[in-house]
Amino acid sequence: MWEYTDKVLEYFRNPKNMGEIEDPDGIGEVGSLDCGDVMRLTLKIEPETEKILDAKFKTFGCASAIASASILTELIIGKTVDEALKVTDKQIIEELGGLPCAKIHCSVMGYDALVAAINNYRGIDKKEGNVICKCFNVTDKHIEEVVREHNLHTIEEITNYTKAGGGCGKCHPEIQEILDRIWE
Amino acid sequence: MTYTDNNATTRVADEVLEAMLPFFSEKYGNPASMYLFAQESKHPIDAARKQVADFLNAGSTEAIIFTSCGTESNNTAIFGALAALPGKNHFITTAVEHPSVLNLAKELEKRGYSTTILPVDNKGLISLDVLRDSITENTALVSIMWANNETGVISPLEEACAICHEKGVLFHTDAVQSAGKIPIDVQKADVDLLSISGHKIHAPKGIGALYVKSGTRMKPLLIGGHHENGRRAGTQNVQGIVGLGKACELASIFIEDEVTRVKELRDKLESGLLKRIPKSHVNGSIENRIPNTTNITFEFIEGEAMLLSMSDFGICASSGSACTSGSLEPSHVLLAMGVPHSLAHGAVRFSLSRYNTEEDIDYIIEKLPGVIERLREMSPFG
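Line order of the protein sequences matches chains E and B.
Using this note's numbering, read the first sequence as starting at 98 and increasing by one per residue.
Using this note's numbering, read the second sequence as starting at 25 and increasing by one per residue.
Everything labelled a hint here was simulated from the structure, so no lab data went into it.
Since this is a predicted model, take the numbers as computed values, not measurements.
Please note that the accuracy of each hint is not assured.
To be verified - In the DSS-like style, the derived pairs of lysine-lysine whose C-alpha atoms are separated by at most 25 Å in a straight line are:
{"#": "1", "chain 1": "E", "residue 1": "K113", "chain 2": "E", "residue 2": "K141"}
{"#": "2", "chain 1": "E", "residue 1": "K113", "chain 2": "B", "residue 2": "K391"}
{"#": "3", "chain 1": "B", "residue 1": "K134", "chain 2": "E", "residue 2": "K267"}
{"#": "4", "chain 1": "B", "residue 1": "K237", "chain 2": "B", "residue 2": "K191"}
{"#": "5", "chain 1": "B", "residue 1": "K237", "chain 2": "E", "residue 2": "K231"}
{"#": "6", "chain 1": "B", "residue 1": "K191", "chain 2": "E", "residue 2": "K267"}
{"#": "7", "chain 1": "B", "residue 1": "K134", "chain 2": "B", "residue 2": "K292"}
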């Protein structure tokens, strides 16, 4: 059904850095079993340089989710935490040679897992915003961030990037309000 | 390749293909034309119509309309019956129907009909009492599928039909997944309308049929020429019709094999997998199902990943996960049964046919545990 690039299939079949770091310095877990994808990223960070010495992932999800998580670990190992924060979901998609539209949210999840792991390392608790999409537990803050970051203008694009609005559809008016507010 | 996705589609039987071939380049006349050459296309259609009528025990060939597929048969039945009953505007169906019925129900709502969607229990079965209580004097038609495509669960068809007739309501059934797998006798079941699809019973894609009990008032869905006695316009798909007729004839011959040997293969596959793979269980009623289907949840991992991994071993199956449904929600059938999202995402369906062998089953039992183990190692919950 989905057309996957050879690179996505390769990382699905032979993922790099799969596993869990013992005694990690940062843990980021995003998604939920109910939603159908969960990514768990663990990091080993050198305290003096803040260099990411090692990163491992575990994923409950489809080939896109597994490949996105795996390639993310390759993109951040060897970088400092600040450098790693500059890795974007766009980069994840580029490295994979592209993802189907409906799977873009897998790369966004990768980025979210990275941010969560680094926040965890830095002791920042960043649970903000109100849940707009109850089906997939997506907050207004997350939607706004993604809209601005990726210049999104339609509900469909937002669904592709975050899954918000892709379930019962009841949150569509609120998502539209966010769009109208940002782009007025 | 080990093909175990027959509820999605089946291979065309050799005998069916052979029966169809003359109608491509030799006997290609339009059956509606006047000259002798056209009779060579028309007579085989009559013969095929009898084969389908016999297969369903319809009693009369006039009861059979040829369509392009199960979806068209369902649309024709429902829109057609409703249009012929303008005074009534209530439609009842179930929560586990195929999208060609469920999405049609949503469309009916937009057109001003009221609809009742009957819930199912955790085995995938409707309640006959709830059905009875849902019928009002405004109810025009009830549509309940004979067997479910995802779980294989068989509805209490005859009883549901009897309840509807008690109350003077028409009864349609989508028999796309049950035809060829369990005996279908439209006179015994006493249904008013019944849909079948060619590509589920080793006929080609692009052909289906609708049984319409004599006396049932209908308006056509496709309007144009006077084909199919004015009930379905469009030049007849001669080769498809001939193929469907042959496939129905074969299905009657092989039904015994289906309910014995194929059932045993399914049971062996199911018990083999459940035994070797912990944290796995069947979805849906085990007692009331078609003999070729098993729908199993493997916990802590996701369907698309399983299917892709299986595909690398040449194994073809389907899943109830969101990623494979084309939407972001997992199977509506499993959700309607109360299966939690987390478990619906991990559901895989194997559906066999008479072409499957013991070797196929042994191969899947050998390979799947490794597939599951690899994905569970990768999972935060494994």
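Query raised in the report: Which hint numbers does the structure go against, in order from smallest to largest?
Result: 5, 6, 7
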